[in-house]
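Here are the chains, one letter per residue:
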Amino acid sequence: MSIPPFSRRRFLSGTAALAGATAMPQLAFADGHAPLSVGFIYVGPKDDFGYNQAHAEGAAAVKAMEGVTVVEEENVAETIDVQKSMESMINFDETKLLFPTSFGYFDPHVLETAPKHPDVRFQHAAGLWSEGMPTNVGSYFGYIGMGQYLNGITAGHATTTKKIGFVAAKPIPQVLLNINSFLLGARQVDPEITCQVIFTGEWSLAVKEAEATNALADAGCDVITCHVDGPKVVMETAAGRDAYVCGYHANQSPLAPEKYLTGAEWNWAGVYTGMVQTVLDGGTIDNFVRGGLADGFIKMSPLGPAVSDASRAQFEATKAQIMAGGFAAIKGPLNDNSGNVIAAAGEGFAEDDIALESMDYLVEGVIGSTS
Amino acid sequence: METDLGLWVIPLAIIGGAIRVSTPFLFVSLGEALTERSGRINLGLEGTLVFGAMSGYAAAYLTGSPWLGVFAAAISGAMFGLLHGLICSLPKVNDIAVGIAMMILGMGLAFYFGKPFVQPVAPNLPSIGFGWWSDVPQVRAALQVNVLFLIGAVLAVAMWWMFRSTRVGLIVRVVGDSTDAARAMGLRPALVRICATAVGGAFAGVGGAYLSLYYPGSWNEGISSGQGLMAVALVIFARWNPLACFGAALLFGGAGALGPTLQSVGVSEGYYLFFAAPYVLTLGVLIVTSSPTRAMTGAPGELSITK
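Heads up: the sequence lines are chains A and B, in that order. Going by UniProt numbering, the first sequence opens with residue 1, and the numbers climb by one from there. Going by UniProt numbering, the second sequence opens with residue 1, and the numbers climb by one from there.
One or more of the hints may lead you astray.
To give an idea of the chain A side of the interface with chain B (calculated C-beta under 7 Å), a few residues [stated by the list, open to error]:
| hint | residue |
| --- | --- |
| 1 | 61 |
| 2 | 63 |
| 3 | 65 |
| 4 | 111 |
| 5 | 206 |
| 6 | 212 |
| 7 | 230 |
| 8 | 236 |
| 9 | 239 |
| 10 | 365 |
Simulated from the structure, these hints should not be mistaken for laboratory data. Ideal placement from N, C-alpha and C gives every residue a C-beta, glycine not left out.
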């Protein structure tokens, strides 16, 4: 599409400029410089007990900073809509730092918009920035697969049927890594455990997520976790079927206090305030930022009442290993679930191995398919 | 705990899915059947459904009673229906256009007022276990039947009987089939249509309350994935017959359970295709039952699509 995205805000800002700059009162500091405008764009509602809420909590921390104004827009689809939202924020709110937080915003939307605004910084969550892409674009994400690995350890101790379940949205690398990590964590407890995965095909489809959770419970899974945008429905449905749950994205223990084992949570507040501070100080954020438990990018929910002492001990020991750095959840000997070798004995992919970000397989023991 | 049932899971899941998922389809399609029988199409029921889900959840949370939530959803649904009915009674107003506007209005209002209710947990509607005779936990889970489903089933029969052999049913049918005949009988078609649309809206609101108060059982902005719109289509599929609406809703709910269940028994390739099962099924039934000579059998004569 060659016509630049046109938005109402852009139109209004143009006409407002004609009417005179006084039409738009600007907040200004005593020394005359305007505060830094930071924009956050979410794919869903920002109080979804999940992915968007985790980012919005980070945005709330940024809002509390001195010299910063925050603009937010929620329910922005991964289509041309996000380009319009970004253009609006840049042209109308004079945003200089953008956080489009959904995976699907990156290619082509961020990559197309960035070259038109070289003075704006685009910080995209979950994308994979590589050499040759616009330099005003950055990618950041956390090794939350490690959180699912730890979830898996508590799941391995809690399961009696040796079947655990995973409600997944789409078969993209990060989701596959989470599924694989969840099973491999559980297999540290008992190598007989299998993990049933059901893909719903969308990031947020309440009824289908509930049906998928019921199907997992029917198939005998007694610990269930998920990777969808809002895990609320999965947590409540699974707990209603008397299965244990492991959380994801945010802390869902209030939804199922008795059944909640632990959860892999994002911890964006520290990450976002750090990035904004870098820009305020006139510095440049690295184009490619990753971090794990040790870097404070992710955290674990407090262990629930159903976690046994043995489970707690193994959880804490493994967590300490991960904190020490270089931990490999995906390590050989390991095959995928159609028999291809992923890693030979002695080989492994550490949490920061870039190869993990193009994962396209489910490991042996996961019942499911990527297509 | 759970028993390994092998492939028996599939029919069980279809039955369970039919019971769990069909209720919103059932209520919306019954409401729409009533409205369309009176000669109007209300496409706004998707918005009414979403608003009903929100208002039902909010009322249940604030009062602590899920039944008051259902009541609130019915009232708000009736308000939406009333508004649609009143606007469409003005001269030269197209009911389909108004319906689309009402749909967007309902969703927008629901999202706006619903913000504070995404996080809180409201009490859920009770269900009755019809699986007491079985020791298999999956059977017990599948046969957890919500009270609203039973009410919907009774309502379908009652509406069928009403259309067939009561005075009220006759009035609605006459108004729907011929405005002139209704006027000649001394009826007031606009009033009848407004009432029918309002009651239809109330049904759709209750369908929404089922979504937020029972299954999946929480309010969020993605709660309805187009059930309201599909239910409007189901009415045409069911040829404006309330009993057929019940069957169509069950069929749709059961087919929707197919995708997740097949994955759970290991048929994991091509799940996007299985998720399309309800729509493929609908197309199939329409093709099989189609006939060039009686394409509009059962259609009310005053409906804007048949005129």
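Structure-based check of all given hints:
1. 61: 19 Å, violated
2. 63: Result: violated, 17 Å to nearest chain B Cβ.
3. 65: Hint violated; residue 65 of chain A Cβ to chain B Cβ min 24 Å, cut 7 Å.
4. 111: 26 Å, violated
5. 206: Nearest chain B Cβ about 5 Å off; hint holds.
6. 212: OK, holds: residue 212 of chain A within 7 Å of chain B, min 4 Å.
7. 230: 6 Å, holds
8. 236: 6 Å, holds
9. 239: Hint violated; residue 239 of chain A Cβ to chain B Cβ min 11 Å, cut 7 Å.
10. 365: 13 Å, violated
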